[in-house]
Amino acid sequence: MSLQPEQLEKHCEQILKHSRIRNNIVVLCEGSNINDIFERRAIHEYSRMEAMPDANFYKACLPKWWREKLPRFFNCGDRKDVINTYFRLLELHKTNNENTWLSPEKLFALIDLDIQDCPIENYLFSDTEQIFHHLYDGMNLNEANASRHRIWVTGLIHKEAYFLLPELQEVFDNLPLVKPIYDNYPVLLKNIYSDIADGICTDVDLKDNLFKACDRIRYCADLDCSDVNQLRDSWKDKFQKIQDDLEKEKMIFALLTIRKAKEYWLQITHPKEWSSSEENYKDQIMLSIADFYSAQGDNPDPKYHLSVFFKILYQKFLDGR
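Residue numbers are given in this note's numbering: position 77 of the sequence shown equals residue 322, and the series is strictly consecutive.
Any given hint might turn out to be false.
Unchecked claim - List time: in silico DSS-like cross-link candidates among lysine-lysine, alpha-carbon distance up to 30 Å:
| id | residue 1 | residue 2 |
| --- | --- | --- |
| 1 | Lys424 | Lys457 |
| 2 | Lys481 | Lys325 |
| 3 | Lys435 | Lys507 |
| 4 | Lys561 | Lys309 |
| 5 | Lys314 | Lys351 |
| 6 | Lys424 | Lys351 |
| 7 | Lys424 | Lys507 |
Hints are computed from structural coordinates only; laboratory data are not their basis.
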């Protein structure tokens, strides 16, 4: 549920008067818990916003060497709420900049690509789909273009898709916890990819937006996008036959760019011997995944979109200061 106008106003006011944003980068992100804060009238919880999903994940992805003047992350609700918050913060700062801590040139938004595009008024690009095509070349982020953006969209359909990249199999295998379970067996990402592909033909949103989705993955030219059944069959057939690791990786990125990953992430669970809550278990996995992105270093591979984003922010405002 999106923020009501009065909630949006209070939300922006809380961010602007938050002293920790002074002279710092501010990154707005999605996160449904913001609605809960307003429903419970728990405005005091803004002080621990960065300990809540999704803000805590993005903060944990910051490079390990970034130790001072860290960006401040704020959950803002759904994708449209994030965009509305971004523009309303700029408006409020412009009309009353003596009573805010915001540095407007350091304000950014990071939102999910999703399957439907989202219009954006008074911005360099008219919707999220245009932003996506300018930001990404195939499965890689275009760093030269990326530095022009203030509103970022993920290169994969949801944040949760970044939990399922092939390299993260090692993270799942080596968690310092009891090992996670998917479909009654230890997590094997290749099995999850197969299930995601099987769901192509029953994905109503994908069916309704098939042309747009296939335009995102035109770097996989051999896929048959004539309908969802052909897309599923051609993806599975090609994925099974490919031997080259890079080509297989492209197929995985393509799948995670057009198919929702969150429902499959939610199916990963703890085994019976885990004694704490499911939420706590998932948080521990998520932070181990964030540690993977944090460890990518000064020159991350362009396929690690989040790592490149934070590298750009550092270079833009802190490198050589």
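Taking the hints in turn, this is what the structure says about them:
no.: 1; hint: Lys424 x Lys457; in the structure: 38 Å, violated
no.: 2; hint: Lys481 x Lys325; in the structure: 34 Å, violated
no.: 3; hint: Lys435 x Lys507; in the structure: 16 Å, holds
no.: 4; hint: Lys561 x Lys309; in the structure: 17 Å, holds
no.: 5; hint: Lys314 x Lys351; in the structure: 12 Å, holds
no.: 6; hint: Lys424 x Lys351; in the structure: 40 Å, violated
no.: 7; hint: Lys424 x Lys507; in the structure: 20 Å, holds
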